[in-house]
Amino acid sequence: MSPRQLLGRIGLWLSVFIIVSPAILFFLWMISLSLKYEIDNAAYPPVFIPEQFAWKNYADVLASNRFLTYFVNSLIVTGGATLLAMLVGVPAGYGIARMAAHKSAIVILIARITPGLSYLIPLFLLFQWLGLLGTLVPQIIIHLVVTVPIVIWIMIGYFETTPLELEEAARIDGATRWQVFRHVALPIARPGLAVAFILAVIFSWNNFVFGIVLAGRETRTLPVAVYNMISFDQLSWGPLAAAALLVTFPVLLLTVFAQRQIVAGLTAGAVKGG
Amino acid sequence: MSTITETTPAAAESAAAPEQQWHRPTYWPFVLPALIVVLAVIVFPWLFTIWMSFNEWKVGSPTTFVGFANYLRLPNDPRFVEAVGHTIFYTALSVIFPLIFGTLAAVVFHQRFAGRGFLRGVFIMPMMATPVAIALVWTMMFHPQLGVLNYLLSLVGLPPQLWVFNPATVIPSLVLVETWQWTPLVMLIVLGGLAAIPTEPYESAEIDGAGFWQMFRYITLPLIMPFLFIAGMIRMIDAVKSFDIIFAITQGGPGSASETINLYLYSVAFVYYDLGYGSAIAVVFFLLIVLLAAMLLYLRKRMLWTEIGGGA
Numbered sequence: 245m246s247p248r249q250l251l252g253r254i255g256l257w258l259s260v261f262i263i264v265s266p267a268i269l270f271f272l273w274m275i276s277l278s279l280k281y282e283i284d285n286a287a288y289p290p291v292f293i294p295e296q297f298a299w300k301n302y303a304d305v306l307a308s309n310r311f312l313t314y315f316v317n318s319l320i321v322t323g324g325a326t327l328l329a330m331l332v333g334v335p336a337g338y339g340i341a342r343m344a345a346h347k348s349a350i351v352i353l354i355a356r357i358t359p360g361l362s363y364l365i366p367l368f369l370l371f372q373w374l375g376l377l378g379t380l381v382p383q384i385i386i387h388l389v390v391t392v393p394i395v396i397w398i399m400i401g402y403f404e405t406t407p408l409e410l411e412e413a414a415r416i417d418g419a420t421r422w423q424v425f426r427h428v429a430l431p432i433a434r435p436g437l438a439v440a441f442i443l444a445v446i447f448s449w450n451n452f453v454f455g456i457v458l459a460g461r462e463t464r465t466l467p468v469a470v471y472n473m474i475s476f477d478q479l480s481w482g483p484l485a486a487a488a489l490l491v492t493f494p495v496l497l498l499t500v501f502a503q504r505q506i507v508a509g510l511t512a513g514a515v516k517g518g
Numbered sequence: 007m008s009t010i011t012e013t014t015p016a017a018a019e020s021a022a023a024p025e026q027q028w029h030r031p032t033y034w035p036f037v038l039p040a041l042i043v044v045l046a047v048i049v050f051p052w053l054f055t056i057w058m059s060f061n062e063w064k065v066g067s068p069t070t071f072v073g074f075a076n077y078l079r080l081p082n083d084p085r086f087v088e089a090v091g092h093t094i095f096y097t098a099l100s101v102i103f104p105l106i107f108g109t110l111a112a113v114v115f116h117q118r119f120a121g122r123g124f125l126r127g128v129f130i131m132p133m134m135a136t137p138v139a140i141a142l143v144w145t146m147m148f149h150p151q152l153g154v155l156n157y158l159l160s161l162v163g164l165p166p167q168l169w170v171f172n173p174a175t176v177i178p179s180l181v182l183v184e185t186w187q188w189t190p191l192v193m194l195i196v197l198g199g200l201a202a203i204p205t206e207p208y209e210s211a212e213i214d215g216a217g218f219w220q221m222f223r224y225i226t227l228p229l230i231m232p233f234l235f236i237a238g239m240i241r242m243i244d245a246v247k248s249f250d251i252i253f254a255i256t257q258g259g260p261g262s263a264s265e266t267i268n269l270y271l272y273s274v275a276f277v278y279y280d281l282g283y284g285s286a287i288a289v290v291f292f293l294l295i296v297l298l299a300a301m302l303l304y305l306r307k308r309m310l311w312t313e314i315g316g317g318a
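Which chain is which? The protein sequence lines are A and B, in order. Taking the numbering used here, I'd label the letters of the first sequence as residues 245 to 518. Taking the numbering used here, I'd label the letters of the second sequence as residues 7 to 318.
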């Protein structure tokens, strides 16, 4: 390696380090906050690695019944909204791609542009009128606003790139359209299904707007619960940071391990709902 | 967004054109369930919102039709006018900074180095993480006495700041969070653009003795322009309707110094329960976003036209 190449290499690694450090340092600091006792969190200059780890912060958060309730709520809302979206969105993506109905994608675009709050006013009234407030149903339904467009959008993109020859061959052999979809198109589009599923899960899990309006004390999802901890219950930083980390941990884990799928999905343009 | 305008039509026409007519009616059963869901949770709310915006509608009291009265209230509502100003300021900064840093990051991630995939995963963590959880940690970092940011400032000899607790610095401080969070998205889009650039121009430029900066300025930048536009557009739409971060860190405060249209909409609809007026704000807000997006598209068309016209 010539000196010039070596210099370029060092420059590259330095740039990589500078670019990644805001993300790394932030999450390390988050971990540090969550593992410190109050004395260390209130110290100046700040303590980065405490002498004693406050694992108690995590134990406290996990031991509270409420956290478990809210975790289950989050699982039900995200799970319900994602599965329903896959159920209706995947065939729809297939149909739109095969009919080449590009104009229909405008609806998806409008959904993407609209602020989440604008759905809340009418749907809030509707749920009130139906007497559904106080259950998890309104949140599952309104999360569809986030998950359905993501799934349809990504699946249109995938089905447009899958080859038609196989499907035609199957139809000549006498398969119905549903069988062609189920046994030919769907297996080929499996990577697309994974992308759609992962992104729908993440954006539904992270959603906050819908919860603060629709959730009662018993029906909060985790992001709303954490927000309520800031404003009401907790003032000490350790347990707060621990709770925040627990809420976002599944998402971070998914991000690092499924980064290829996530990058593929995000660059297809279906970014962030609500 | 990008796929609709740029790539999809071409790809799909070549694939589906011969059979199009034949297929058209028969695929309706596939689309129908989703259509019902979309009508119920997206189209119906929109129609209902428009209708409500013409009514005086407060929770618990009867509704009366008031025509355009809710819309006429808007220009005379100082809080709304102020919120529009905050939104524009917040959005402008939240588009510019991620675009700059995202492009630089994309140039770096376009190189080959060990662990690139993993580090890219780490780099996009801020945009995937739960916004409320992030906001909570930033709130702690912004703390004037105990926050780590003022400590870092003191290390480089700068005076401590009040960050989100000072009306003059609250929006730039929130933009700092927004930039940290959304630079990765710009990076991903631009990275896609960089991957599509052929290597020949660089090779001949190198032979002609062009430096790194010259190549970036005269080859890379013009070629990734369309991607920068898409990134800017998506960024703009997201920044205009930014809610979670602002709400969780400042709730629009101190006072109403960081109250954007979206936060004001929340207050009107779900704190004062003035649903008619809230609906009018929602409609105007949506039109504003569409208008901004259309302006960007128009600008892009103009630029393309001058590029072709100038022969560049």
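Since the hints were made in silico from the structure, they are not lab data. Just so we're clear, the structure is a prediction, and the values are computed from it rather than from any experiment. C-beta atoms are modelled at their ideal positions from N, C-alpha and C, and glycine is treated no differently. Hints may be right or wrong, so weigh each one.
As the list claims (entries may be wrong) - What the simulated footprint calls covered on chain B by chain A, stretch by stretch (three residues with Cβ under 8 angstroms from a Cβ of chain A suffice, anywhere in the stretch; the number is not a length): (1) 117-131; (2) 226-234.
To be verified - Derived list of chain B stretches under chain A, where covered just means 3 residues or more per stretch with a C-beta under 8 angstroms from a C-beta of chain A: (3) 152-162; (4) 262-276.
Unchecked claim - Computed far set for chain A versus chain B, every beta-carbon distance over 12 angstroms: (5) R253; (6) P290; (7) Y302; (8) D304; (9) N309; (10) L380; (11) Q503.
Hint check results:
no.: 1; hint: 117-131; in the structure: holds (count 11)
no.: 2; hint: 226-234; in the structure: violated (count 0)
no.: 3; hint: 152-162; in the structure: holds (count 3)
no.: 4; hint: 262-276; in the structure: holds (count 5)
no.: 5; hint: R253; in the structure: 8 angstroms, violated
no.: 6; hint: P290; in the structure: 5 angstroms, violated
no.: 7; hint: Y302; in the structure: 14 angstroms, holds
no.: 8; hint: D304; in the structure: 16 angstroms, holds
no.: 9; hint: N309; in the structure: 21 angstroms, holds
no.: 10; hint: L380; in the structure: 16 angstroms, holds
no.: 11; hint: Q503; in the structure: 3 angstroms, violated
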